[in-house]
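Respectively, the protein sequence lines represent chains A and B.
So the first sequence is residues 0 to 527, counted in numbering that gives the first Met the number 0.
So the second sequence is residues 0 to 239, counted in numbering that gives the first Met the number 0.
To be clear, the hints were calculated from the coordinates, so they are not data collected in a lab.
Certain hints may be false.
Claimed, not checked - Okay, the calculated beta carbon distance ranges per label pair:
#1 A/388 to B/142: 25 to 33 Å
#2 A/324 to B/4: 54 to 62 Å
#3 A/509 to B/164: 50 to 58 Å
#4 B/171 to A/519: 36 to 44 Å
#5 A/205 to B/182: 31 to 39 Å
#6 A/79 to B/20: 40 to 48 Å
#7 B/12 to A/79: 23 to 31 Å
#8 B/142 to A/377: 24 to 32 Å
#9 B/114 to A/260: 18 to 26 Å
Claimed, not checked - Sample of chain B residues lacking proximity to chain A, with all beta carbon distances greater than 12 Å (derived):
#10 142
#11 229
#12 231
Claimed, not checked - Derived DSS-like pairs (lysine-lysine); straight-line CA-CA distance at most 27 Å:
#13 A/518 to B/11
#14 B/80 to A/3
#15 B/11 to A/519
#16 B/93 to A/519
#17 A/516 to B/15
#18 B/15 to A/518
Virtual Cβ for every residue (Gly too), placed ideally from N, Cα, C.
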Amino acid sequence: MSNKNLKSQTLMRVGIVAVILILVNVISIRMFGRLDFTKNNLYTLSDASKNLVKSLDDRLTIKAYFTEELPPPYNNVRRTVLDQLNEYKAYSQGNLQFEFIDPSGEKGEQEAQQQGIQPVQVQVINDDKLEVKRGYMGMVMLFEDKKEVIPVIQNTSTLEYDLSSTIKRLTSKSQKKIAFLTGQGEPALQELQRAQQLLSRQYIVETADIGKGPVGHDVAALIVMAPQNAFSEAVKYQIDQYIMRGGKVAFLLNKVDANLQQQFGRTLDLKLEDMLEHYGLRINPDLVRDVQCAPINIVQQQGGFSIQSQVQFPYIPIASDVSKDNTMVKNLQSIVLFFVSSIDTTNLAARGLKGEILIRSSKQSGRQTQVFYFDPMARYTQDMFTESGIPLAAVVSGQFSSFYADKPIPHDTSDEVIPQPGQKLAQSSDTRIILVGDGDFAKDQFLGGRDNLNLFANMIDYLVDDAGLITIRSKDVSLPPLEQVSDGSKKMYKFGNMIVPPLLVLGYGLLRWQMRKAKKKALETSTF
Amino acid sequence: MNSYPNILPIFKRELKSYFNSPVAYVVIVVFLAILGWFFSTNLFLNNVASLYIIFDSPLVKILFLVIAPAITMRLLAEERKSGTVELLTTKPVKDVEIIIGKFLAAWVVLGAALLPTLLYVITMAILGSIDFGQVVTGYIGLMLMGGVFIALGLLASSLTDNQIVAFIMGFILAFAVFMLDKVLIYLPSFMASTLEFVGVDFHYSGIARGVIDSRNIIYFASMLGFLLMMATVSLERRKW
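Only chain B is shown next, with the shape it has when bound in the complex (with noise of 0.2 Å):
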């Protein structure tokens, strides 16, 4: 961290407009509303105590796919479309420490989105015995396929100085990430298994049943590292 002395208050000064402005409480409670609603007509019907289900659900995913740009689309293009992109960088503060600062802080807006739902663990435990080391690699799948979502949602925001066009093109992105292996049966059989291993869903669903596999951790690693590489990039075209 060293090298990088401005991540640390870039994610601060970040994440206090965030919870400073109105956006990100709409966000978290209109996720919450939804995810909740879900939950609840479900839980009887279901009546088994285990949260599978609600991480295994392509309402979650799709409610991720949705709110992770909302989260990141403000995040460079409201400050290239003010300028203040200029005031940040003209301090001595590396490109890429503004992007990995921002990235914590919006990914973190994304943790606080979830932390509610532990309301859900609490009643299943209560009603049943539930699978705790599920429930913990559950959170970490979406952990770690939200913050590809925000990457993208972030590398989206660095190319365009509109909101609106850097959440539609962050969706556009994340949804096409999260298609990838849905899409196989079209597509010619020999890049079946490559494109299948670029999507993010397959990783997911791997780690969100309960197993931590190396494969799927180096696949986040490699895939947070090279976008954030790309924002950093895109950041960066200025200078050229």
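Isolated chain A (complex conformation) (with noise of 0.2 Å):
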């Protein structure tokens, strides 16, 4: 064969080799499988959102208005979305149906503009100047005669909760409705908005000042957040009889009210203790402090100079130590708690109550009673942190006994006397209620990472019995943080992983050389 002809038959030969891979490659893209390898499956379809579209009794239409080639990492969503939806359909029995439209053109982003989906800057570079193009990534769902917008798909982290989310609502017959107790100097929904807007993507929100009537009896969950001022017997009765009609109650409680700023705290006499006694549940007048913790900014004077610094602050717990059977916490990580009161479950059994702690602190904690007085500068000593697993957060299940079972119904004595309507109940059908020692975890003010929202839209989720929701939201979970270890281990740990692997590379090179030398002397005398 002469060299020419070798030549051109290799170069032929790699030609049909390229061909055939980028053949493969192509198709490769239509047709694919994948294994998720994740602890906690994160990147695959869950049961709760097969389920969903399993279900669904009439045709689900999903139109996608994407605009096609957008740069990176624009496109990336697209492909995400697309996949995400590919999955759905998979598991819909033909009841989702979905398109794809590029909104390109005045009269395509005219229609994308009247479903609702709101155009995105997206910077483009075009002849070597930096434009700004204007994309869309939203999509529109249709169902009966009902419609819901998702305006725009920027962060597919949240994209598989949002998607069933927004099913969810579309197509359930009824929006279930939660109502957050007023009148006691509880936050106003404004210092919630996060937690508000999340919650209200799946019911109605409202609030209830329920000192002049009884909770409605449409209300799914009661949340009874961080008040300030004493319950007046009218508003416990009506709280307790919402709980005998088997209406589902959290209790974000602050029982000492501390403020950083003053670096103070008093505790606060909510009149509520005695009913909650009664209920098996106990929330401690006292502020659990874990080496296991948030860090503070402080200012200090120093020589007129003000410095601004970090320091770690014990009362405000990061807890990691949650139930693993329960679905509302077994995923959270890092729950941000801010001044927390330790809780007592230890009655219930005697109620026959099933109760359940769902959030301990670590393993190096302990409580300050009494006086409650912070500076941020202060010492800690080992001897302040000798508890471990100090309950935070519980959940209660079975049936309640009144409180008012054998009392008199109360009247509000400020106001005009009420009618009491309905006769009172004495024995609660199955209910739960869920109890928190710390009332502020889910401001705005205070939410830090997701972990402390997805907290509390978990416990209402719960409380409604919206099980297959949690699971979704909670593949959305921060990393794991390590466990707290002294600064000797840490030094150790860091040294140990900056120095070892090195060193065991020089260590097994010197032994092979040293190995060689002996193999070579003993090679050289053999010969002789």
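Work from the hints to combine the two standalone chains into their complex.
Put into structure tokens, the structure is as follows:
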């Protein structure tokens, strides 16, 4: 074979193989399979979503308006959404249909905007100039005569939750209602905007001032969050009777009202404690401190300069010891609690109720009682953190007996006497109550990472029995924190990881070298 | 393997010569020292039990970009210079056997550089609950991406008889394939998705986050196959 022949033959072979490889890859983009190796199957459709689309009883149409040829990272969003919708479709038994529409041109843009999809500004480079292009990345879902819009999908980390919760809201026959109790100095809804936003995707959120009348029958869950003032007997009676009717309540309470600025805290007498005690729950007048805690910023004056620095503040524990059996918390890794009081559920068993501690403090924690004075610069000693796993939140389920079973119906003395409707119930059906020793963790200013918000929303979903959504939401988890270790161990881990791997390699090299030398020597001596 | 009986002996010989020369140790120790420093300083700062931060960091990718051509630079360039390729190839050894044997040896050296980083995994596992599935796919991803870099370095090494030139060319090739999906914004949009698909980082991060996707695996297999074929052709050029 001549050399020329060999050359052309080789080049031909290369060309053919290249074409085949390109074809295989093009096909593989359309036909693919994937295995999710992450612990929580982060990238796989959860059972809740599968069941949701499986149970569709009518045609659900999704129109995804995505401008084609957007620069990265936006083109990835389109890809991810397409993959995700394909998965939904695969489980929908034909009831879910979707189409991608490229809203380019004036007409297309008009249509997208009419559907309620807002354009996003995207930077592209065109002819050496940085241009701002308008792109669309939203979708419309149509079901029967109803319509839901997701105006912008920019972050795909919560995509499944966004899709499933929207489908759920669109296809559910009626929306459940949840109420925030007001009237006892609770924070206004404006302080809970993010929590409220998240909840109102799923529920009708309202406030309830129940001093003058009972909690509505249609309220699926009542939230008692961070009240400041004492409860009147009339309000307590309404809560009690709401529970007796099978209502679900989340008590998120600040037993000690602490103020970081004033570095001082005082015990609150909410007059609610006796009723909780009756249900088998207690919130202790203490504050839990924890070695695993969040830092705070402090400003110090030093020689005319103000110096800002961060110090670890043990009264803001980061709780990661959660009940692994409960869907509400099992995937949460770092819940930041602001001045949290310990709770006690030891009386539950005597009342025939079932309790479960949801959140505990870390292995190195302690309690501050009686005097609540905080100096951020205070020195903490080991003996202040001798306790382990102090209960901070719990859920109780079972049949509760009424606090007012053998008491007269209280009358509101401040206002005109309100006739109490209906008859007094003495025993509840199966229901559940959540108690958390901190009322602030869901406030906007304290939200911190996602886990706080997820905890709050999970609690509500759990109370109104929407467990499916919890499993989807909890996929969007933050990374687990490391265990707290002493400074000495930290140094050891750090230097160990820095030095040991290179040393291992060097050691192996030297060993090999020595062995070769010995072998060589042996070889030399044996030949002579 | 039967039709290519010489791959294994070449692989063994090459691997032995790696571990008998100081170059591999220098490369691996420098790699581990830099990576270890990065891991340790960030360990308690990040305070999360996940190696994804290492896998996804630009540092580990840049280190790979540098050490891969450093491992491969002498593979063919040196032999061309000293004339041992002629020795190798006058024996009844196929060029493709040389390429695959040497590629595998260099790939194993890269794996040997990663092996001691299991200490990081152990540290994380002691200090927190780590997602082992993600760790495994992270290492698979690193080996596949490193494999592409090694193949590119081997190709570069086959093109020249100067080791330094081979290193620089190998680095530039790997860097180009790595950067493809980073510069998309500067390119016309109709090319963007194609170039992104060719870029190695896009597929690497897909695997490193914890998902083994057939698209990524097929990409890596095609890429490795194509590059090794190119290196073989480049070696065959002597006969043209």
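How the hints compare with the structure:
{"no.": "1", "hint": "A/388 to B/142: 25 to 33 Å", "result": "41 Å, violated"}
{"no.": "2", "hint": "A/324 to B/4: 54 to 62 Å", "result": "58 Å, holds"}
{"no.": "3", "hint": "A/509 to B/164: 50 to 58 Å", "result": "32 Å, violated"}
{"no.": "4", "hint": "B/171 to A/519: 36 to 44 Å", "result": "40 Å, holds"}
{"no.": "5", "hint": "A/205 to B/182: 31 to 39 Å", "result": "52 Å, violated"}
{"no.": "6", "hint": "A/79 to B/20: 40 to 48 Å", "result": "46 Å, holds"}
{"no.": "7", "hint": "B/12 to A/79: 23 to 31 Å", "result": "47 Å, violated"}
{"no.": "8", "hint": "B/142 to A/377: 24 to 32 Å", "result": "50 Å, violated"}
{"no.": "9", "hint": "B/114 to A/260: 18 to 26 Å", "result": "53 Å, violated"}
{"no.": "10", "hint": "142", "result": "15 Å, holds"}
{"no.": "11", "hint": "229", "result": "7 Å, violated"}
{"no.": "12", "hint": "231", "result": "9 Å, violated"}
{"no.": "13", "hint": "A/518 to B/11", "result": "19 Å, holds"}
{"no.": "14", "hint": "B/80 to A/3", "result": "25 Å, holds"}
{"no.": "15", "hint": "B/11 to A/519", "result": "20 Å, holds"}
{"no.": "16", "hint": "B/93 to A/519", "result": "32 Å, violated"}
{"no.": "17", "hint": "A/516 to B/15", "result": "15 Å, holds"}
{"no.": "18", "hint": "B/15 to A/518", "result": "15 Å, holds"}
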